[in-house]
Structure formats: C-alpha cells, structure tokens
Amino acid sequence: MSNFGESLLESKVVRLHETAAGCFTVVIDNPPYNLVGSQVFAGLQSVKSFAEDPANDVRVLVFKSANPEFFLNHVGLEISDGEVSEPLEILQGWPAFSHWLSSSPVVTIVTLRGRAWGFGCEFALSADMRFASRENTRLCLLEVGFGALPGGGGLEWSQLLAGRSRAMEFVLSSDDLDADTLELYGLVNRSIPDAELDAAVDKLARRIASFNPAGVAMAKRYLTKGQSVPLPADLAETAAAAGSLLSTDAGQAAVGRLMVKAGGVPFSHEVELDLPKLCDVD
Amino acid sequence: MSNFGESLLESKVVRLHETAAGCFTVVIDNPPYNLVGSQVFAGLQSVKSFAEDPANDVRVLVFKSANPEFFLNHVGLEISDGEVSEPLEILQGWPAFSHWLSSSPVVTIVTLRGRAWGFGCEFALSADMRFASRENTRLCLLEVGFGALPGGGGLEWSQLLAGRSRAMEFVLSSDDLDADTLELYGLVNRSIPDAELDAAVDKLARRIASFNPAGVAMAKRYLTKGQSVPLPADLAETAAAAGSLLSTDAGQAAVGRLMVKAGGVPFSHEVELDLPKLCDVD
Amino acid sequence: MSNFGESLLESKVVRLHETAAGCFTVVIDNPPYNLVGSQVFAGLQSVKSFAEDPANDVRVLVFKSANPEFFLNHVGLEISDGEVSEPLEILQGWPAFSHWLSSSPVVTIVTLRGRAWGFGCEFALSADMRFASRENTRLCLLEVGFGALPGGGGLEWSQLLAGRSRAMEFVLSSDDLDADTLELYGLVNRSIPDAELDAAVDKLARRIASFNPAGVAMAKRYLTKGQSVPLPADLAETAAAAGSLLSTDAGQAAVGRLMVKAGGVPFSHEVELDLPKLCDVD
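Sequence lines, in order, name chains R, F and Z.
Numbering-wise (the numbering used here), the first sequence opens with residue -6 and increments by one.
Numbering-wise (the numbering used here), the second sequence opens with residue -6 and increments by one.
Numbering-wise (the numbering used here), the third sequence opens with residue -6 and increments by one.
Everything labelled a hint here was simulated from the structure, so no lab data went into it.
Since the model is a prediction, treat every value here as computed from it, not as a measurement.
Some hints here could point you the wrong way.
Where chains are identical, the list cannot tell them apart; a pair therefore holds if satisfied intra-copy or between any two copies.
Below 20 Å or equal to it, Euclidean Cα-Cα: the simulated DMTMM-like pairs (lysine to aspartate or glutamate) are [stated by the list, open to error]:
(1) LYS196 <-> ASP22
(2) LYS270 <-> GLU62
(3) LYS254 <-> ASP267
(4) LYS196 <-> ASP267
Construct the entire structure; sequences and hints are all you get.
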C-alpha cells in the first residue's frame, strides 16, 4: 500500500503520490481506525491546495485507505463543558471541501474498501465516482441515529445518487449497506471483486488522465451544471442544521445514551467495527 | 394479520394500530379484492386526520393489506347515464392525499404484497418507501390501456423513481412489473423474500421511530425540497386531465370495449387477478 | 430482417415499414458497418418528415439495424486541408434531431443489437426507450478519447438516465459497457436475451399503438415537461463545443494520433469492431 515512494505532502496521515502524468493517488492512514480529526482534515485540505496549483497539473485524484477495515471513519467526538460536539474547523470547513470534490476541474475517484461511517461516507458520496470492494464495503450515514442529520453532503448526495425513496431509507435507518446493495441503489458506480478493485480503478484513472485535458475538463463541467451538484450555500445550511440539532437537549440525550451504551468515547475497536449496531432498537 | 387488537379508527375497511411509540400500522381490508371505493378512501382520510393531530404522536406509518392477493386495487368504476366514471370525491381528493403521503412530517412506508392496479399502484408509489414481496408483487398503471392516463401521482412518481425511459415503458405499456423488475427500475426500494418482508419493514419502522424525532423530521424535510416531490397543483392538473380524457368519446370507447371484453362491471375475481391482460392486443 | 416488403421512403440505407396501425419500424442498413454519413442522416431526416405528417398517423417508431454487428456507428471522419472533421450538415442538424426523438408526440423505441459507437450511441440514448440484446450489445461514447466530447445529447442523456457518477464514468472513460451493465446503469430499459429481443419490442410497440392515441400522447407530454429532456439550445451548445474542441491543436493531435494508431481512415472492419480499444493507454 505504500509502494508509491515519498509523499508529496508533509502530512503523515494523508499521503499524495503521482502515479502517471496528471494522475495522483491519495492514501489516508490514521491508525487505528481512520478517524477523522484535525490532522486528517488538514491533510485533505493540503491535497486540495496542491491540486488547485496549476503548476502541479493534477487532473485525476484517486482516494484510498491504508487500512482495509476502514476507508474513512466518522469525526472524533469531543466533550467539553459536558457537551458533545465535533471539531469546529471540520464542521465549518467540510461543506466547501465537499463542494470542491464534485465541482473542481479535477476528476475525483474513491476506491472504497472497508467501512465508511458518517463523515467517511459523506466524503465518499461527494466524489465524482466510487468503486466498492464487493466483499469488504459497508457504508452508513449514522447521524440520524445519533440524534442529528448527515448535513453538508450526505443528505444531498444520497438523494442525487439513489433517488428520494432509497435516500430516505439510507439516511433515516442509520443502518449500513453492503457493496451489492450500494450498487443496486446507485450509491457506488460498481461493486467489484476485491482482488480486482485496485487494478480497475487504476486503469480508469490512467485512461482519463491520458486524454485531451481540455475535453475531460469540459465534459466534467457540463456534467456539473444546474442542479446536478449541491450548491455551497445549501451544503452549509444542512451542515449548520446538523450542528444545531446535536446541541439541542434531545440531540445531546441521544448521543449521550449511545456513548454510555458503547462504554464511553473514544469507542473501542470492537464498537467501531459494528457502529451501526449501536443504533439498534434495544 | 389482525393480531394488533382494537383499531384506533371507526372504519371497518381501514384499521390503524400502534405497534411501538410513534410507530403505527394501517391495514387495508376491503373484501373480496381491495377495490378502492368511498369507504376505503374515507378510511384513508381518517388515517391522515389521526396522523395530523400532534396529540397522537404519529411519526412512522406502515401501510399493508389484509389480502395477500391484492395490496390495494383500482377505483371501482361507476356507470351513470350511460357514462363510465370514477367516484368524484376520490378523483378530487386524491391529489392532496398523494401529496400528503410524501410531504407530511410522518414517514410513510408501504409493505407491498399482492397486486396493485391503477389507484393502488399510484398510492404505493406516492409513499416515502416501498418494500415488495419478491414472490408476490405485481404493479401496473393500467390507465393508458383504459384510454386515460395515471394522473395525480402515477406519472410523476414513476418518472421520479425510475427515470424517464423506464417511466415511459411502465406508463405507456399499461403492463405489470414483478418485484425484481420493480427493484431494478427503482420503483420499489427492494424486493424481499415474502417470508422476511414483514419483519424487515417492522424493524426499519421501529428503528426510525426510536430516533430523535426532530432529526428524522428535519432529514425528511430536506429530502422533500425543490423538485423532489410533485407539487399539489401539478398533481391536480394531471388528475383532472385523466378525468377529462376518460370522458371523451375515445376514452369512453376504450373503457367500454374493455368492459365488454371483461364481461361487464364489477369485474370478476378471475379478471381482477390478471387485469393488465385485458389490455393485450387482440 | 427485410421481410417487411417495400419501404415507404426513397432512401436505400434507411427503410421504413408499417407493422400495425400507427406502428412503424425503421431499418438502418449502411454496409459494411453502419457508419453515419450524409446518406444515413438524410434517411433519418426523411423518417422524421414522414412522422411529422399527420396524414401518416405515425404513433410508435421502432429503430433497428440490418447489421447484427453494428446498431449504428460513429460519423465518418473527413479530412480536408489536413484537418479532420465531421460532415457539417450532421453536426448542425443532429441537436434538433436528437430533441425530436424525445419530444415529438411519436413514441420512439430502439432495438439495440451490436455496437453503437459515438453518434450511434447518442442516437440510441436520445430515443424514449431502449432494449438491448443481452449477448450482443456494446455502447461507447468515445468522443473524449478522441479529444472532443459527446455534445448534442450524449452528455445530457447519460446524466439523465444513469445519474451523474455513472455518466461521468461512461463519458470520461470512453470505454464500452455491455448490456447487463447498461441495464444496471439505467442506460437501457432492459437487457433481454437476443432470441427474445425482437418479439419483446414488437409486442410493446403494438400494445402502445393499440391504445387511445390521445392518452398515449398526453402521457408522453407530461413525461417530457420541465428538465426531463435536454433543451434544443443546450444540445446545440454542447454540439458546438465538441466541434470547437476537435478543431483545436490538442483535439487534432488526439484524433491524428489515433488515426495513425488505427492505420488510417476509414478504419478497417477489425478496428471498428473494437474501436474503444484504440483509446487504451499504450
């Protein structure tokens, strides 16, 4: 997984490698279970800065995980003055980042292997394309089960990709879907046998990067017009709504109950592996 | 099917039961084949009134049938002064009811088992989510075959759920689709083995009802914005267009020819079981 | 394939036959591999003129190919003054034709058997419905691989039918999809065993043509409102953008490189059979 040589970034937890002209791979590696905290988010922001510099000629970006158990996990919960919350810079920075994933001229592809709970799922859904390991993918937007809602991209992309009824099921159930169901619902492009996944994504990424860059960028621009991607203001609104919900008494009670049920934060490895189960009816 | 105890409504043909806090089941039971007439429609309206009273704390509504052959059937045709029509209170009341199914804060789920022809199909499509018995589901919008069109929700939801090309096929063919094709087309969330269907829907409904109600309601509201559900005025327009078409000479000729072919109204049980066949090219 | 009797048109390469009242079949037959040139496009335009004459009572049009290897192929490239381009009357006439396929009162159905590269693929996607031979269908929008983009319908219909992420994959990869993947992506209504395909489409077409024409036309009109089909001005814009891209130095370099790789134009039968392979990374 780290046979790419030196990373182009300073971040230890988010590494960037050029795999072909114009074609780059991002490896997310925050042991033990790829939680999203300030370091990971800063690393992702530095990928964005790198890609926005025309001198770097970034045309295709593939995101993958160094950890086969977790593609990318939820945001680490913080407790201060007895209130549970998520780090402010992530809450505030995520809507613009989510919008960049779909609206920048760079083509963004996710190699999905392992679990993606909450933020990690929203991240995967916001990229241009997603390919999932058939045997080893589980996606869950667990925010409603935790008393809030998947604002800032989760709600919006679920609906755009899966249609209203299946988005409603995915969002309101706060339960996870496997690769074949994700494929049926359109939440991933395809479910691919794990042994073939990396080669399939690599082939697609290199192929796109080999074409006339003006054609690729213009095609993506036409596929990004109108209502085909959520607008930044709408993403910011649902992200703020999620934060407000979490800070209400009912939101705090919901998350507090689950923290007790889980045996406190940070959650154990065992709890993380099956996090949607925490929302089961007792 | 009636192990729910006393119904919360006066209606004999539409019964309502609380299955968990905030979680209710509606059972439709109008022998012999769940035709929609004034009694059934009044029963459905009383479910809506009950759910709209905040004192009743209705957050999730599951609709199912007492009759495994028919989830919910078409509207019973009436003949007066030699003209065939549908009961006026249903034609006029349905668009607002259809809109309520998707836009109220209550989450509406359909357990689909058996046939749903015409109105019954439009009803199922207008709910937030639908889960179908794999072995025993047939949906058909037979209105075009009867000389009219599935206004007031059928057209609109077919297009929103299945996309334009498959909606065109479903609506213009006036033919029925089985559970696996409905799943492929997105017209149901999933096709589930019959023996597992009730437990799967029950689990989902109770799970949603156990979450912070403010989060559930807000998530549904965000999934109901913009063009994601048909507007009442548009539903009323297509419902009225359907009624007008039926009253033209060509509409009356089409329905009259089928009534003769079927051996008169009301249709026999045998004809009802295979109603889309009535529209076969001779 | 030509057991239809005399064609209703003068064109030799595009033939038209009435198969039932209101129901017509168009057979495209331009050996050796159904390239689209001035003759084929003129033949298609004469189908449109025929269908627009109310006296001909055209209500359902089925398009199929006389050649099982190719449903309909790309536009033949022309070289003049050292510049590669497509025939101007096709580039300029296609957006309006594409719009007619989806917005006319006539119901348009494609029987997909064999390959459809570039223009042929855009044509198939622009019709109201498409049914594909399970064993023998390959669709590819290879324009991005040739340095341009699939303007005038390819971009738009891919997105409307398959959603943004799968459209992005289909358009940017310039690679082909088989019938089962096209069905999964919603790019065809269904994948049908080859031996059953013609009978299935024929049954659907005759069934629709047997219904009250006013109901069929009104249902199609309601399924064509708003953003559900691309507007002529948008189709013309992306078609013009494609032409401009192809005439840039980068576009000419891309197509020139592939022409050399293929051994010159016109492409050999062997190259045509596997055209997307020409865009493989070397």
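Here's how the hints hold up against the structure:
no.: 1; hint: LYS196 <-> ASP22; in the structure: neither (23 Å within a copy, 36 Å between copies)
no.: 2; hint: LYS270 <-> GLU62; in the structure: within (16 Å within a copy, 35 Å between copies)
no.: 3; hint: LYS254 <-> ASP267; in the structure: within (13 Å within a copy, 52 Å between copies)
no.: 4; hint: LYS196 <-> ASP267; in the structure: between (32 Å within a copy, 18 Å between copies)
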